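Chains as they are written, first to last, in this note's numbering: chain A, 1 to 324; chain B, 1 to 324; chain C, 1 to 324.
Don't read these hints as lab results, they were simulated from the structure.
Keep in mind that a hint or two might mislead.
No distinction is drawn between identical chains; accordingly, a pair holds when it is met within one copy or between any pair of copies.
To be verified - With a Cα cut of at most 16 Å, we get these calculated EDC-like pairs of lysine to aspartate or glutamate:
1. Lys-143 - Glu-124
2. Lys-31 - Glu-15
3. Lys-283 - Asp-70
4. Lys-39 - Glu-62
5. Lys-9 - Asp-131
6. Lys-114 - Glu-124
7. Lys-114 - Asp-125
8. Lys-114 - Asp-161
9. Lys-114 - Asp-150
10. Lys-39 - Glu-220
11. Lys-114 - Asp-131
12. Lys-39 - Glu-63
13. Lys-309 - Glu-295
Every value quoted in this text rests on a predicted model; they were computed, and no experiment measured them.
Listed below are the residues making up each chain.
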Amino acid sequence: MPSAPPSAKTLTATEIASMLGGALCGASDAKFGQVQDIKTAQANEVAFFKSTPNEMGQHPSEEDFVAMRDSAAGLLLVDVNCPSPPQCHIQVDNPSLAATIMAQFWQSRRAHCKPGIHPTAVIEDGAQVADSAYIGPNCVVGKNSTVGADCILHANVVLYDNVHLGDACVIQSNTTLGADGFGYTWDGTQHLHMPQIGGVRIGRGVEIGANCCIDTGTFEATEIGDGCIFDNQVQIGHNSKIGRFVIMCGQVGISGSASIGDGALFAGKSGAAGHLHVGAGAKIAARAAVMGDVEAGQTVAGQPAVDIKLHQRMMAMMRRNARR
Amino acid sequence: MPSAPPSAKTLTATEIASMLGGALCGASDAKFGQVQDIKTAQANEVAFFKSTPNEMGQHPSEEDFVAMRDSAAGLLLVDVNCPSPPQCHIQVDNPSLAATIMAQFWQSRRAHCKPGIHPTAVIEDGAQVADSAYIGPNCVVGKNSTVGADCILHANVVLYDNVHLGDACVIQSNTTLGADGFGYTWDGTQHLHMPQIGGVRIGRGVEIGANCCIDTGTFEATEIGDGCIFDNQVQIGHNSKIGRFVIMCGQVGISGSASIGDGALFAGKSGAAGHLHVGAGAKIAARAAVMGDVEAGQTVAGQPAVDIKLHQRMMAMMRRNARR
Amino acid sequence: MPSAPPSAKTLTATEIASMLGGALCGASDAKFGQVQDIKTAQANEVAFFKSTPNEMGQHPSEEDFVAMRDSAAGLLLVDVNCPSPPQCHIQVDNPSLAATIMAQFWQSRRAHCKPGIHPTAVIEDGAQVADSAYIGPNCVVGKNSTVGADCILHANVVLYDNVHLGDACVIQSNTTLGADGFGYTWDGTQHLHMPQIGGVRIGRGVEIGANCCIDTGTFEATEIGDGCIFDNQVQIGHNSKIGRFVIMCGQVGISGSASIGDGALFAGKSGAAGHLHVGAGAKIAARAAVMGDVEAGQTVAGQPAVDIKLHQRMMAMMRRNARR
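Chain A extracted, bound-state conformation (with noise of 0.2 Å):
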């Protein structure tokens, strides 16, 4: 089983308990470094248990119990109103997050990427890179760009002209930022391209995944806001304006000159046509295709994106007359 290094940074059960503000029940002798699955986990690794409903409201189910109270884990971080476990275990309000702080804790990419720039990698002219930045392997920095404090690079990662990263932003391997947008006029025989000088600018604690592409903006910036988070192969068109939080997952696909509220959710494989605003909190289901405005808090679905209710009906309706 591959698996990273441990940490030398290992803590007591008691230690942890401390750092996340948790109740300790039981003992352990063990020294922990590590947070593993459940099912996988040893002695001297820490795994977690949700006893409550996930986000898409599925409980675990009696086979997910069973795995908790056998787990080989020498600490479990479980929720406040999970059955008590045989084992030595930490009761916190929300076990996901406890095991994320203390697996930032032992295995931080920040500690993996240590501050500085490959020597493969190509800062054109007057860009600017913060010190405590990582920049991979082939990565291309290009002219009047920025790069923040504490940003990780990975390795090829491509930055046009003007583009501007925010502190603490991490950025896959393979992905395109500030590409030319797509905006072309017909002269009668040909496309014309019209420049794109507007340039991308990218908030603070943004991450975006592999072989993505933001594209620069025409006249202005194309902006992305703080603590976006984008999974692989998501394209973003020129001039669009995504706000802050906003989860965008894989190949998801948004057109230019669209606005995105806050804490928006795009699911696989869904999009947006250009021109158009999604409002905060939206959630565009996978699949989704949305060609209109879309209010806060909504849900929708289907292709054209309608409400989910509506969509639930529509697919209820061809199930139904199609057994006919």
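Following the hints, position chains B and C against chain A.
Coordinates of chains B and C only, in the frame set by chain A:
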């Protein structure tokens, strides 16, 4: 606001009117060097406004007209039917085209991407790169491949062996041209790969977005005709023959051995199965899945794609019945 | 017409018949060194023709038969049921397979990608690359990653840390293996990333297209079984377990923690949600969105995906009702 440095080649309103062959109304002492959006343009910048419906048939709103009349731009490019604005302006047939021509004059991509091969690029034996081409950092040009005059290959573009680019092509970063076509035969125990030796042949003035893939043909070249424009993350299967001036929006996928006529348009996330023909000038709606031949000039939508009129009736029927 | 240089290892028709174990009918003085398409093959080239239905059940057309009989190829590979063509020919069980075997003999990819590491590639500390592997320009092989014997990594491929490739894998350009899985927990003010330390484990003889992404697992490896073939722009979420000989066509997306059985087929732009199981040999139609378990051998289509028979009835019902 990020902005490109103004060009040295500033022009007077009279000079611009002369270049565009338009009628100058009013006067301005300013020297202009940049096109800008109508809402953000300044006194030394040019903006443009179209009072007639756009390509989707949408008229500008009353708000748009107000923005135009209130614009701080020192010079407006407007169509001949537009109510005369208070600012100095030039009447032209097509304001978008006029603006594109001026923006290209002031911010030509070729002026920013000077001829030459970046020292980190790899040009393999037998590859031929025109002296006037720009080959960016970490690009690879494979054996026996050719790059025509005035081409621009942005950073990290890969051309495999036997890929031929006509003159004046622009390829955005992390795009892969000429990867092995997806051709396999099951031998009873495994998939055997059929060697793909046909290469890729790309016409003149083709523009390809970031993170696109165009596979090499099996025996004969995969072909992309003159003047095609592809947005990001477009995938073209091996042996396909794409005509001239075809438009493909983001995340379009074309399977192997498809044949696409001149001037066809594929909207975002649409695609076509292999071994079929899409006629010249056909329009494929966003998300449409073309599973059979499409006639020249036809518009199709849906999955599987059908004539847009039938698709609209199907959608209307679904909504109607779902509401019962 | 672009074409690879003919191999030095030319063979007579008799030698080819012997290699393939087929019956030679007629005679030819030519020495053959290349397989070609039936329409363009010349007197010193081999073409192939299958008179029986293809995998989609389509019979060759009368035109196809004419093209075969009119072919200028010096040697044809045909199935035993094919009416004897006038040219020198060899009867074999499977003409496609026979042609693939000959093409591999003459144009082996491994002959063109000689063992060795390109000087621009970056091999990080602790990475192990087999002597017989080819690592192309600008590739990155991360810490503690391994590349097996006879592997081919085309230009600009990135392997993060802890990515393991079995023997004889081929990875096309700009593909990213082992990027951080998309795992986050909301802490009340931001999304916290769960460190992903499981790595990626890829079997023997796996072929992965260009611009693909396979994410690293959270605790245990994301796994791809022996002999899988993936087309371009495929995305595999973290913790997924893909069986052996699975086929994924272009732009397929699999969410995290999915489990896919041996020999399953995902057609273009299809995908699966996370935490579900697709049985062995299941067929997922183009565009299908798998939202729940699929039985072994089942064929599904639609969004959400349902059994293909129900899907076809739903489509028929829609067309019928829309036409009223």
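Okay, the hints, checked on the actual structure:
Proximity of Lys-143 to Glu-124 under the C-alpha cut-off of 16 Å is restricted to the intra-copy arrangement: shortest distance 5 Å within a copy versus 27 Å between copies. In this assembly of identical chains, Lys-31 and Glu-15 lie within 16 Å of each other by CA distance solely inside one copy; the values are 10 Å within and 68 Å between copies. For the homomeric pair Lys-283 and Asp-70, neither the shortest alpha-carbon distance inside one copy (37 Å) nor that between copies (37 Å) is at most 16 Å. Proximity of Lys-39 and Glu-62 under a CA criterion of 16 Å is satisfied intra-copy only: 14 Å inside one chain copy versus 60 Å between copies.
Taking the closest pair of Cα atoms, Lys-9 and Asp-131 never come within 16 Å of each other, the shortest separation being 25 Å inside a single copy and 37 Å across copies. With identical chains, the CA atoms of Lys-114 and Glu-124 are at most 16 Å apart between copies only, with a shortest distance of 14 Å across copies and 21 Å within one. Proximity of Lys-114 to Asp-125 under the C-alpha cut-off of 16 Å is restricted to the inter-copy arrangement: shortest distance 14 Å between copies versus 23 Å within a copy. Only between protomers do Lys-114 and Asp-161 lie at most 16 Å apart by alpha-carbon distance; the minimum there is 14 Å, versus 25 Å within a single protomer.
With identical chains, the CA atoms of Lys-114 and Asp-150 are at most 16 Å apart within one copy only, with a shortest distance of 9 Å there and 33 Å across copies. In this homomeric assembly, Lys-39 and Glu-220 come within 16 Å of each other (Cα to Cα) only across copies, at 10 Å, whereas the closest approach inside a single copy is 50 Å. For the homomeric pair Lys-114 and Asp-131, the shortest alpha-carbon distance inside one copy (10 Å) is at most 16 Å, but the shortest distance between copies (30 Å) is not. Taking the closest pair of Cα atoms, Lys-39 and Glu-63 come within 16 Å of each other only inside a single copy of the chain (11 Å); across copies the shortest separation is 60 Å, beyond that limit.
Only within a single protomer do Lys-309 and Glu-295 lie at most 16 Å apart by alpha-carbon distance; the minimum there is 14 Å, versus 28 Å between protomers.
Of the numbered hints listed earlier, those contradicted by the structure are 3, 5.
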